[in-house]
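*Asks:* Sequence:
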Amino acid sequence: MANQKNRKKELRQELKRQGITGQDHPKVVTLDKGTDITAIPTDAETVEIVEKPSFEEFAKNPELEGLSADKVKSLYDQGITSPEEIKNFKEEELLDIKGVGPATVEKLSETVGVDGKGSLNEFSELKEVADIRSDLVEMLYHEGITTAADFKKWSKDDLIAINGIGPATVDKLVENGAKLKK
1 MANQKNRKKE LRQELKRQGI TGQDHPKVVT LDKGTDITAI PTDAETVEIV
51 EKPSFEEFAK NPELEGLSAD KVKSLYDQGI TSPEEIKNFK EEELLDIKGV
101 GPATVEKLSE TVGVDGKGSL NEFSELKEVA DIRSDLVEML YHEGITTAAD
151 FKKWSKDDLI AINGIGPATV DKLVENGAKL KK
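Take 1 as the starting number for the sequence shown in UniProt numbering and just add one per residue.
These aren't lab readings, by the way, just hints derived from the structure by calculation.
Just so you know, not all the hints are guaranteed correct.
What follows is a set of in silico ranges between Cβ atoms, one per label pair, in the way DEER data are often shown [claimed, not checked]:
1. Pro167 with Lys127: 18 to 24 Å
2. Glu56 with Gly144: 33 to 39 Å
3. Gly99 with Glu138: 39 to 45 Å
4. Asp135 with Lys73: 29 to 35 Å
5. Gly177 with Glu57: 34 to 40 Å
6. Gly66 with Ala130: 24 to 30 Å
7. Val174 with Glu57: 23 to 29 Å
Quick reminder that beta carbons are idealized off the backbone N, C-alpha and C, glycines included.
Just need the whole structure built from these sequences, with the hints factored in.
*Replies:* Pasting the structure below:
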């Protein structure tokens, strides 16, 4: 499934690089309801039929709550049909979407996750950060620790160097199971 999402992202980026997004392509067919798919000539080995949700369905996703309708529409018009697809975008790619700015990307990063990273909400639910103040959890997330595995890149001293993180917090992280760099 992840490979399929990555392939879809790669194809979208390649079409964008070639300047042919939004143009007709002989191998891409958009179907309306009622189209007889048996009448469509194809030389493809595999045909994938995906029903795109309506804009209204897409906009109802709780992960998009707090974004203006214009921002959500910009994402939808770019071909994004679920919050999960946003995770595969790099921050720079999202910023390239008309109407999407740094504040929107930060909000998406926290609620959905971008650049292949989990969201702040997902990070906050890890056992490693249980019983840690939410402002400190958010601080760790914004420093780049977005998964349990990310703790392995940080030593105790590295964490203490983060403004607001003290020895007691680091001890609690380790007690909760965070594996730190030696």
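*Asks:* Now tell me if each hint is right for this structure.
*Replies:* Do the hints match the structure? See the list:
no., hint, verdict
1, Pro167 with Lys127: 18 to 24 Å, "20 Å, holds"
2, Glu56 with Gly144: 33 to 39 Å, "36 Å, holds"
3, Gly99 with Glu138: 39 to 45 Å, "26 Å, violated"
4, Asp135 with Lys73: 29 to 35 Å, "33 Å, holds"
5, Gly177 with Glu57: 34 to 40 Å, "38 Å, holds"
6, Gly66 with Ala130: 24 to 30 Å, "26 Å, holds"
7, Val174 with Glu57: 23 to 29 Å, "44 Å, violated"
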